[in-house]
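**Student:** Sequence:
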Amino acid sequence: MCGRYVIDENDDIADMRRIFEKLKKYYNDTVEYQNVKKGEIFPSDTAPIIIPEKETNIDAVPMQWGFKTYNDKLVINARCEGIYERPLFKKAIVNKRCVIPANGFFEWARPQNGLKKEKYLIKPTEAPVMYFAGIYDTFTDPQTNKDQIRFVIITKEARGLIRSLHDRMPVVVARRDMLKWLNGNLNYVNEFFADNNPPEYTFTNLGIAG
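When the letters of the sequence shown are read in order and numbered with this note's numbering, they come out as residues 1440 to 1649.
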């Protein structure tokens, strides 16, 4: 699964800096922009999300993490297995796909004979920014009666070394394949789910932490 991820606050990371510049340009006067987080991103936080603007371009928008169910439960991940059948996801996977930029994500693993889980930061080795496959949809806040655009991260069975920490991992979209994920037909979408060649990652043990 992916229960938290990180957005590096270092402005030297060009891709992430451009995303935040675009957010500021178009959403600077909105409450959503004021709520956008950096650093460790928790469920229900507002973060920058990439959606298709046109067939050959992309847009960055602020969204909250987590779909709301009928009983107000927050769902933050969508398993790729069965995503076309589950009512909460089946419409969004067809025409509301998005990409979630991140500099890494966290997993917790219990060491052998350990009593408490240890927190690991997982980062890609080839580039400072990674992109998770996601979907988004609109939900009405019952307290304010206003629409909210929310996203979830799609996960699949863990591949490679991540299996030593957790049995699930985010579906990752290579930067060069971003438009293919956002605008491609469902045959292309399934290629991302079936990819058996995960990127290489570095693991940093952060010790026992929340």
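Because the hints were derived from the structure by calculation, they are not lab data. Given the structure is predicted, the values throughout are model-derived calculations rather than measurements. Beta carbons are placed, not taken as given, at the ideal position from N, Cα and C, and that holds for glycine. Some hints here could point you the wrong way.
As the list claims (entries may be wrong) - Simulated crosslink set (DSS-like; lysine-lysine; CA at most 27 Å straight-line): (1) Lys1619 <-> Lys1530; (2) Lys1529 <-> Lys1555; (3) Lys1493 <-> Lys1535; (4) Lys1556 <-> Lys1619; (5) Lys1535 <-> Lys1512; (6) Lys1476 <-> Lys1585; (7) Lys1535 <-> Lys1507; (8) Lys1529 <-> Lys1556; (9) Lys1530 <-> Lys1464; (10) Lys1595 <-> Lys1461; (11) Lys1562 <-> Lys1619; (12) Lys1464 <-> Lys1529; (13) Lys1585 <-> Lys1595; (14) Lys1535 <-> Lys1585; (15) Lys1464 <-> Lys1595; (16) Lys1477 <-> Lys1595; (17) Lys1507 <-> Lys1530; (18) Lys1595 <-> Lys1535; (19) Lys1529 <-> Lys1512; (20) Lys1530 <-> Lys1558; (21) Lys1461 <-> Lys1477; (22) Lys1512 <-> Lys1619; (23) Lys1558 <-> Lys1463; (24) Lys1464 <-> Lys1476; (25) Lys1556 <-> Lys1464; (26) Lys1556 <-> Lys1512; (27) Lys1619 <-> Lys1493; (28) Lys1558 <-> Lys1461; (29) Lys1493 <-> Lys1464; (30) Lys1529 <-> Lys1493; (31) Lys1464 <-> Lys1477; (32) Lys1556 <-> Lys1463; (33) Lys1535 <-> Lys1619; (34) Lys1512 <-> Lys1463.
What the hints assert, rightly or not - So the derived label-pair ranges between C-beta atoms look like this: (35) Asp1498 <-> Leu1600: 21 to 27 Å; (36) Glu1630 <-> Thr1579: 29 to 35 Å; (37) Glu1639 <-> Leu1618: 30 to 36 Å; (38) Gly1478 <-> Asp1606: 40 to 46 Å; (39) Lys1493 <-> Gln1582: 31 to 37 Å; (40) Arg1525 <-> Lys1463: 31 to 37 Å.
**Student:** Can you confirm whether the C-alpha distance between Lys1556 and Lys1619 stays at or below 27 Å?
**Tutor:** Judged against 27 Å, a Cα distance of about 37 Å means the pair is violated.
**Student:** Would you mind confirming whether the straight-line C-alpha gap from Lys1477 to Lys1595 stays at or under 27 Å?
**Tutor:** 25 Å, holds
**Student:** Evaluate the given range 31 to 37 Å for the C-beta pair formed by Arg1525 and Lys1463.
**Tutor:** 35 Å, holds
**Student:** Starting from Lys1558, check that the Cα of Lys1461 is at most 27 Å away, please.
**Tutor:** 32 Å, violated
**Student:** Between Lys1493 and Lys1464, does the CA-CA distance stay at or below 27 Å?
**Tutor:** 18 Å, holds
**Student:** Sort out whether Lys1558 lies within 27 Å of Lys1530, counting only the CA atoms.
**Tutor:** Roughly 34 Å between the alpha carbons, so the hint for Lys1530 and Lys1558 is violated.
**Student:** Regarding the pair Lys1464 and Lys1529, is the alpha-carbon distance no greater than 27 Å?
**Tutor:** 33 Å, violated
**Student:** Can the restraint linking Lys1556 and Lys1464 be considered satisfied, given a maximum Cα separation of 27 Å?
**Tutor:** 41 Å, violated
**Student:** With 29 to 35 Å as the target window, see if Glu1630 and Thr1579 comply at their CB atoms.
**Tutor:** The hint (29 to 35 Å, Cβ to Cβ) holds, given that Glu1630 and Thr1579 are roughly 34 Å apart.
**Student:** Taking 27 Å as the top limit, are the C-alpha atoms of Lys1558 and Lys1463 close enough?
**Tutor:** Violated, at roughly 32 Å.
**Student:** Is it true that the CA of Lys1464 sits at most 27 Å from the CA of Lys1477?
**Tutor:** It holds: about 17 Å lies between the C-alpha atoms, which stays within 27 Å.
**Student:** Compare the distance between the alpha carbons of Lys1595 and Lys1535 with 27 Å, and conclude whether the hinted pair is satisfied.
**Tutor:** Roughly 19 Å between the alpha carbons, so the hint for Lys1595 and Lys1535 holds.
Going through the hint list in order, the structure does not satisfy hints 2, 4, 8, 9, 10, 12, 13, 15, 20, 22, 23, 25, 28, 32, 34, 35, 37, 38.
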